[in-house]
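Build out the structure end to end from the sequences listed, making use of the hints.
Protein chains: 2
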Amino acid sequence: MPSLKPALELLSHGAKVLNKSINKPIQGTIKNQKKFKTLTFYNLSDGINKLQLTDSCNLLKDRKLKLGEVIKINNYSLSDNPKFNEIITNNDTVIEITGPIDENDFPFKPKEKKTLKLLRDLPQYKFQSEYLSNLLKFRSLIETSLINYLSKEGLVKVAPPLITENDCEDGGETFQISTSASKNFFKPTSGSNKKNDKKTLPKLSNLTVSTQLHLEIMAQALQKVYTMTPCFRSEKSQTNRHLCEFWMLEVEMGYIDSVLDLCEFSEKMIKEVVKTLLTENKGLELISEYEPLESNEDKKDLSNIRRSDLLLQKWRKLYEVKWEVLEYGDAISLLQENIKQGKIQFENDNIKWGDELQTEHEKWLTSVYYKKPVFVINYPKVCKPFYMKQNKDSMNRDIVNNFDLLFPEIGEIIGGSLREDDYAILVQEMEGRKMDVSTLKWYTDLRKNGSIPHGGFGLGFERLIVYLYGLKNIKDAIPFYRSYKSSLKI
Amino acid sequence: MPSLKPALELLSHGAKVLNKSINKPIQGTIKNQKKFKTLTFYNLSDGINKLQLTDSCNLLKDRKLKLGEVIKINNYSLSDNPKFNEIITNNDTVIEITGPIDENDFPFKPKEKKTLKLLRDLPQYKFQSEYLSNLLKFRSLIETSLINYLSKEGLVKVAPPLITENDCEDGGETFQISTSASKNFFKPTSGSNKKNDKKTLPKLSNLTVSTQLHLEIMAQALQKVYTMTPCFRSEKSQTNRHLCEFWMLEVEMGYIDSVLDLCEFSEKMIKEVVKTLLTENKGLELISEYEPLESNEDKKDLSNIRRSDLLLQKWRKLYEVKWEVLEYGDAISLLQENIKQGKIQFENDNIKWGDELQTEHEKWLTSVYYKKPVFVINYPKVCKPFYMKQNKDSMNRDIVNNFDLLFPEIGEIIGGSLREDDYAILVQEMEGRKMDVSTLKWYTDLRKNGSIPHGGFGLGFERLIVYLYGLKNIKDAIPFYRSYKSSLKI
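Those protein sequences? They're chains A and B, same order as listed. No gaps in the numbering here: position 169 of the first sequence is 239 in the working numbering, and each next residue is one more. No gaps in the numbering here: position 119 of the second sequence is 189 in the working numbering, and each next residue is one more.
In case anyone wonders, no lab produced these hints; they're calculated from the structure. Among the hints, a few may not be true.
Identical chains blur together in the list; that is why a pair holds if it fits in one copy or across any two.
[Claimed, not checked] When the alpha-carbon atoms are kept at most 27 Å apart in a straight line, the in silico BS3-like pairs for lysine-lysine are as follows:
1) LYS341 / LYS207
2) LYS179 / LYS518
3) LYS433 / LYS387
4) LYS94 / LYS338
5) LYS222 / LYS341
6) LYS352 / LYS222
7) LYS518 / LYS207
8) LYS75 / LYS518
9) LYS338 / LYS207
10) LYS183 / LYS134
11) LYS511 / LYS181
12) LYS345 / LYS222
13) LYS222 / LYS338
14) LYS369 / LYS384
15) LYS222 / LYS207
16) LYS433 / LYS384
17) LYS352 / LYS120
18) LYS462 / LYS142
19) LYS101 / LYS518
20) LYS142 / LYS511
21) LYS559 / LYS454
22) LYS153 / LYS75
23) LYS441 / LYS392
24) LYS511 / LYS101
25) LYS187 / LYS518
26) LYS94 / LYS153
Dropping the structure here:
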């Protein structure tokens, strides 16, 4: 059965068959129509190709075709203007509605504004929106471009498990798994179900919150590995920057001993992706000028700058400037100084060394002060997970060799570090945090038998999409979002 | 901190510094050692590169270096034979053990055979085995090659959710998800938790068994989509061909109306991957001649044919021959005929039209009769899931437009079909199977409003790896396996 391809192939070969009826049926969805007195234009799409149907014979006048319907056309004429992907009706043309719309069971009214709020929760129809389907193509381009780059750099793509006993971040925000097939579906590991006592639900195991600990095993053997997998966190966050199920690109590399090498690697990696967007307008081709509003109450942006121009400018800048590297201690001083001088006000104005940077601080550093991405390195140990490599800074304070990559508009997009490879320090840190060291013996073992220095990072893939496509809500960066208090529907 | 790279770079540039001590420290794991009277050879690896350390000065004689230990070497000499990646000790050479092995807490005894049975359950050490680490590189090559091919063919890589309410295959073999964060973490969907009553565990939702239904939504809008994600089935199978967590490549395409087109597409796709293996010996480079035995009781294969030659032969044949397409009805006749003639015996010898093909039948058709991959098409409706496009065959029996791709040695590797796009027939089928149609309204809606014909397939990725790498057990095709009655450990 045909898409729009048969006609487009003839047109692209400049077939001179103007007065002939073409007997190669085509099929596509009506995306738009424009009616004039003597003729009507229909824009058709098959998801990949576009074609204009010009009903110059007014054959369809009384058929009342609806947007979203799929039609099959045969015995049509080809336009003789090679600039247009256009076919024209003639008196032999046969048009059949192969995918009609049942008006009584269709969620959109004819003139209704399709806001993002409405589309987001209509999974079976949302991708008929050009904005959202282009967004999927954009996401695919970014993902495959990342995979290509990392493969070319010699990193091995590995598949860590999503069902796991570990809670890498030790934050307890995991989803638990069970099965009705059998209570003891997996063999219980001695000592590993300790936390279970506090919970009301029997569990088999967790869904992974990060695959890092597994990646460290493989980096020890293969040196450079990465994965791109779903990760799961049951955070009770209802913001426009959190998802419970998100995709993470995680990279882990052996024989790394400087956090600056990790910064350099991730800057180059993202810049390579941006370069793909800039190459042959690959990115711009996927930018819809028309961006649906969040809701009916939103005001349309009245500036005359085209969305594609704004994004092109953003990508170019991202690609061309050298990103900032800033010590955490200097970031705090900078914030304190500007607060003191009254140049900026934050909800949290009393920030001091040892505090987490809040999103408002991150956004100020990147969007206002540096106006570009910023690597903040060497955080206080207390702010960060147990596995980061420890150190002292010049003030003799406990820091870790880590980095957070902060992006304008959204804040943290990557978190990474060298990993503590000293067995004694690692175990001491875990005990200090009251972690059950016995359940992670396999992990501490990596520092005991054939240890190598290593480090890596995790990139929140949807956050990168948010920034590069200029989204307002991370829920649109993934085809079907899962977040706190959302309905699953499907 | 260095890997083996600094020395290899000097060697590859043909540095003529034979009698000079090189002050560029290198670091790697000892994979092998050979002792002679006056000198010892050590094979070092950093996971990517290999290097030979020749201790011609007998500096290490009394250090008792152990396999698996990581050493750092400085002030060494370079071999003057450009054929060898070799460095040589001199009297200035300094060797430090940066990753010692704690003999009291190391799972391998010095002369112990490292069988697959032993390695498989030692996650933190297993990838030190060259066979298993090469296997990961091989898997990565296959995966990225598939992704590249599909992107090149214009398919959009999409990310369907793994947390879902649907049980695509309606087999009930799902893992359930819960969280201690909140009982109503996701908004309940009315009517959708019906099955829950029978279960003892409260659940939020399922882990996906197949992303097909979500893909169908996106194929309707984007025409050609694919995904490569983990899928989960809580089957109580303890075989060498089942995993509970496995990766599936799923393809879904609009405007397809022949199952033969799907067969052709998948044949071409797999052949492109095999072509990558054959190109510049990319596949052979990752084949370890030494294959660990399954257990200490296994007998070593005494044939003199090298593993790499066997595999090369297999890949070439796979690439060069045209695969068979066989009607299900003809497959049954063929089996019956050969059973009747006494040419073959099966455990299930009483096979008739309407029965599932068992693995023993699939293996006979592929390994014995046709000696190549076989597409079996047009199965009886009763053997297959509700969503397959229905038809009648010449005997007026109810069949579906599907295909199973069977591979020699392993049986089914792909299952696919056209999808039923007639609303009335689909709903009738679901009702006939006592499915709750209301919970899948979003899915049946796809046939109501702007329906297009479409089809697709799912490839069990680990099974493809099993075949191409010549594995005996699917548990080795994934870095950390999850299967019934296995221990999770990590």
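Hints and how they fare:
| no. | hint | in the structure |
| --- | --- | --- |
| 1 | LYS341 / LYS207 | both (19 Å within a copy, 26 Å between copies) |
| 2 | LYS179 / LYS518 | between (66 Å within a copy, 16 Å between copies) |
| 3 | LYS433 / LYS387 | within (17 Å within a copy, 58 Å between copies) |
| 4 | LYS94 / LYS338 | between (48 Å within a copy, 26 Å between copies) |
| 5 | LYS222 / LYS341 | both (15 Å within a copy, 22 Å between copies) |
| 6 | LYS352 / LYS222 | both (20 Å within a copy, 14 Å between copies) |
| 7 | LYS518 / LYS207 | between (46 Å within a copy, 25 Å between copies) |
| 8 | LYS75 / LYS518 | between (61 Å within a copy, 24 Å between copies) |
| 9 | LYS338 / LYS207 | both (23 Å within a copy, 23 Å between copies) |
| 10 | LYS183 / LYS134 | within (21 Å within a copy, 76 Å between copies) |
| 11 | LYS511 / LYS181 | between (62 Å within a copy, 25 Å between copies) |
| 12 | LYS345 / LYS222 | both (15 Å within a copy, 18 Å between copies) |
| 13 | LYS222 / LYS338 | both (13 Å within a copy, 24 Å between copies) |
| 14 | LYS369 / LYS384 | within (23 Å within a copy, 63 Å between copies) |
| 15 | LYS222 / LYS207 | both (22 Å within a copy, 13 Å between copies) |
| 16 | LYS433 / LYS384 | within (16 Å within a copy, 56 Å between copies) |
| 17 | LYS352 / LYS120 | within (17 Å within a copy, 40 Å between copies) |
| 18 | LYS462 / LYS142 | between (71 Å within a copy, 25 Å between copies) |
| 19 | LYS101 / LYS518 | between (62 Å within a copy, 17 Å between copies) |
| 20 | LYS142 / LYS511 | between (63 Å within a copy, 26 Å between copies) |
| 21 | LYS559 / LYS454 | between (36 Å within a copy, 25 Å between copies) |
| 22 | LYS153 / LYS75 | within (17 Å within a copy, 55 Å between copies) |
| 23 | LYS441 / LYS392 | within (11 Å within a copy, 58 Å between copies) |
| 24 | LYS511 / LYS101 | between (58 Å within a copy, 24 Å between copies) |
| 25 | LYS187 / LYS518 | between (53 Å within a copy, 23 Å between copies) |
| 26 | LYS94 / LYS153 | within (21 Å within a copy, 62 Å between copies) |
In summary, the structure agrees with every hint in the numbered list given earlier.
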